[in-house]
Amino acid sequence: MRLPYWLPNVRSWFNAVALILLMIGIDYLMDYAVDIIKILMDSAPWLIGAFLFLLFAFPIVTIAFLHNWLHTFLDVFFPESRFPEDELRAGWFPSIFSWWEAVFGWGSYVLSSVFVLFFLGIFTTHSNSLNLLSILSQDLSSYSFSLPSARFTILQIIVAAYLYQLEFLVRQRLLATARQ
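Following the working numbering, the numbering of the sequence shown begins with 1 at its first residue and continues without gaps.
Since the hints were made in silico from the structure, they are not lab data.
The structure displayed is predicted, hence computed values, not measured ones.
For each residue, glycine too, the CB sits at the ideal point set by N, CA and C.
A couple of the hints might just be wrong.
To be verified - Restraint ranges, calculated between C-beta atoms of paired labels, are given here: (1) Val76 / Leu7: 40 to 46 Å; (2) Phe77 / Ile158: 39 to 45 Å; (3) Leu74 / Arg173: 20 to 26 Å; (4) Arg173 / Thr124: 33 to 39 Å; (5) Leu7 / Ile39: 45 to 51 Å; (6) Asp42 / Arg2: 57 to 63 Å; (7) Ile39 / Leu3: 49 to 55 Å; (8) Leu7 / Leu70: 20 to 26 Å; (9) Phe58 / Leu7: 32 to 38 Å; (10) Phe123 / Val61: 33 to 39 Å; (11) Thr124 / Ile36: 31 to 37 Å; (12) Phe123 / Leu3: 24 to 30 Å.
Construct all of the structure, not just a fragment, from the sequences and the given hints.
Structure below.
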């Protein structure tokens, strides 16, 4: 039985869960990077633009390399898992496909975060909204599980899965058009 096209497929759910878990790890690393940048900013304030660029580019570069290495690993051990329309990957440097997935993943993470904050801001009381923002802004090195943070993460995964499903549908449409 085939699912309706508007319902995310298994690959979309897997991509969403992997993206959110990866971004939780990257956020954890970026907390330490921000501390280092704060120290460096005192001695070199003219480098603020370069530091901000590195902070925003780090997740994209990380996702691109991990995506490339994951698909290299999957191609070796599970060659049937590959899409026939994917380009050939050679070497350790990410292909254009990996860079696209990285930019789309970063955009999906940002959009899902903004959407979930907006959604929870509308449907929660004022005190719960402030509680959610305080939980999200806390240092991840002292992170502990709480219901608002779990709710935020689950909703982020749902929104990211729908964004990945949209990307899948657009890709399938473009491939069908190109084959005609």
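Each hint, compared with the structure:
no. : hint                        : result
1   : Val76 / Leu7: 40 to 46 Å    : violated, 32 Å
2   : Phe77 / Ile158: 39 to 45 Å  : violated, 30 Å
3   : Leu74 / Arg173: 20 to 26 Å  : holds, 25 Å
4   : Arg173 / Thr124: 33 to 39 Å : holds, 37 Å
5   : Leu7 / Ile39: 45 to 51 Å    : holds, 48 Å
6   : Asp42 / Arg2: 57 to 63 Å    : holds, 59 Å
7   : Ile39 / Leu3: 49 to 55 Å    : holds, 51 Å
8   : Leu7 / Leu70: 20 to 26 Å    : holds, 25 Å
9   : Phe58 / Leu7: 32 to 38 Å    : holds, 33 Å
10  : Phe123 / Val61: 33 to 39 Å  : holds, 36 Å
11  : Thr124 / Ile36: 31 to 37 Å  : holds, 35 Å
12  : Phe123 / Leu3: 24 to 30 Å   : holds, 27 Å
The structure fails hints 1 and 2 (numbered hints given earlier, in ascending order).
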